[in-house]
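Q: In order, the protein sequences belong to chains A and B. 155 is the number that my numbering gives the last residue of the first sequence; the numbers go up by one with no jumps. 310 is the number that my numbering gives the last residue of the second sequence; the numbers go up by one with no jumps.
No lab work stands behind these hints: they were computed from the structure. No residue lacks a Cβ here, since even glycine has one placed at the ideal position from N, Cα and C. Mixed in with the good hints, there may be bad ones.
[Said to hold, decoys possible] The calculated DSS-like cross-link candidates involving lysine-lysine, where the alpha carbons are at most 30 Å apart (straight line), are: (1) B:Lys304 - A:Lys149; (2) B:Lys282 - A:Lys127; (3) A:Lys80 - A:Lys149; (4) B:Lys235 - A:Lys80; (5) A:Lys80 - B:Lys304; (6) B:Lys235 - A:Lys127.
[As the list claims (entries may be wrong)] For each label pair, taking beta carbons as the anchor points, the in silico distance ranges come out as: (7) A:Arg104 - B:Ser250: 21 to 31 Å; (8) A:Arg104 - B:Gly253: 42 to 52 Å; (9) A:Ser95 - B:Pro191: 55 to 65 Å; (10) B:Arg185 - A:Arg134: 22 to 32 Å; (11) B:Arg289 - A:Gly62: 46 to 56 Å; (12) A:Arg134 - B:Leu181: 23 to 33 Å; (13) B:Ala287 - A:Ala49: 56 to 66 Å; (14) A:Arg134 - B:Pro170: 37 to 47 Å; (15) A:Ser95 - B:Gly253: 48 to 58 Å; (16) A:Ala49 - B:Arg185: 31 to 41 Å; (17) A:Leu139 - B:Arg185: 38 to 48 Å; (18) B:Ala249 - A:Ala115: 17 to 27 Å; (19) B:Ser198 - A:Gly98: 20 to 30 Å; (20) A:Ser28 - B:Gly217: 44 to 54 Å.
2 protein chains.
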Amino acid sequence: MQQVIFRPARRSDLPAIVALLAEDALGSQREVVSTPPDPRYLSAFEAIAADPNQMLAVADEGEEVTGTLQISFLPGLARKGAWRGQIEAVRVAASRRGSGLGQRMLAWAVAECRARGCGLVQLTSDKSRTDAHRFYERLGFLASHEGYKLALPPA
Amino acid sequence: MQQVIFRPARRSDLPAIVALLAEDALGSQREVVSTPPDPRYLSAFEAIAADPNQMLAVADEGEEVTGTLQISFLPGLARKGAWRGQIEAVRVAASRRGSGLGQRMLAWAVAECRARGCGLVQLTSDKSRTDAHRFYERLGFLASHEGYKLALPPA
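One chain only, chain A, in its complex shape (with noise of 0.2 Å):
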């Protein structure tokens, strides 16, 4: 495997990062591709830039950005106060699938929230991508919550 750098995004991989979420089975149907990137993708990227507690990260081998995910840092009252790592939008390139590199952002991404003090990660994963559930639990995750979505139609 070529080495590979778990970093913070910059602007300049947005293209690449919005590519990988629309190369994503359920993301085919949610996501817009276009060159320059539609401007809400441009207005999320910077909000999650300006504000501490979001960290949206790539997998970058060698100018290829191969993985991205987000982690967003939360605090709460809940277990004595404990800070809580959520991983949303986890996605690995279609060609590098089974190659280790999912298991090794995800562990760099737990990593992170330990060195941030979480006592907790947490995420959810659409019931129907099966393959990411057996990922997640060979990476020690519990299935221990159902996950409830309420979409917001503009009004």
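Keeping the supplied structure of chain A fixed, place chain B upon it in accordance with the hints.
A: Then chain B, alone, in the frame of chain A:
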């Protein structure tokens, strides 16, 4: 029903909120109740208050706090850069369950998410909380995801 105000929590609400967290079947094993509250709760309260993307809220019924929840407003790239409102740590006082208070509190929280421009509201609920699952489903939430947790014990 007495008039209820849903509002951001004040520091003086902290003992009542911790008591609500601890009253819960799962919370009773995870929380510590003391006067004054354990300093870890105060630190967590301050972290929430300092973060404009966090809102700890209470149901206030004439000086008695009868419910609580936390909303995290999360920027993200997925779904065309949609903001998400995430609801955590929902609790209703035992004496007020079945009164409709929980439903009103959740409806208020969803409206807050809508007012902040969120395209999605999400929450997870422990798989043992089957009453809560019926409650969320009545409110229109779909259990579309598996919710994974990984505890990070102190090093």
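Q: All hints are to be evaluated individually against the structure, with a verdict given for each.
A: Going down the list of hints, with the structure as the test:
no. : hint                            : verdict
1   : B:Lys304 - A:Lys149             : 17 Å, holds
2   : B:Lys282 - A:Lys127             : 14 Å, holds
3   : A:Lys80 - A:Lys149              : 26 Å, holds
4   : B:Lys235 - A:Lys80              : 35 Å, violated
5   : A:Lys80 - B:Lys304              : 17 Å, holds
6   : B:Lys235 - A:Lys127             : 21 Å, holds
7   : A:Arg104 - B:Ser250: 21 to 31 Å : 50 Å, violated
8   : A:Arg104 - B:Gly253: 42 to 52 Å : 49 Å, holds
9   : A:Ser95 - B:Pro191: 55 to 65 Å  : 56 Å, holds
10  : B:Arg185 - A:Arg134: 22 to 32 Å : 28 Å, holds
11  : B:Arg289 - A:Gly62: 46 to 56 Å  : 51 Å, holds
12  : A:Arg134 - B:Leu181: 23 to 33 Å : 27 Å, holds
13  : B:Ala287 - A:Ala49: 56 to 66 Å  : 35 Å, violated
14  : A:Arg134 - B:Pro170: 37 to 47 Å : 44 Å, holds
15  : A:Ser95 - B:Gly253: 48 to 58 Å  : 54 Å, holds
16  : A:Ala49 - B:Arg185: 31 to 41 Å  : 34 Å, holds
17  : A:Leu139 - B:Arg185: 38 to 48 Å : 23 Å, violated
18  : B:Ala249 - A:Ala115: 17 to 27 Å : 39 Å, violated
19  : B:Ser198 - A:Gly98: 20 to 30 Å  : 42 Å, violated
20  : A:Ser28 - B:Gly217: 44 to 54 Å  : 52 Å, holds
Figure legend: structure checked against the earlier numbered hints; hints not met, in rising order: 4, 7, 13, 17, 18, 19.
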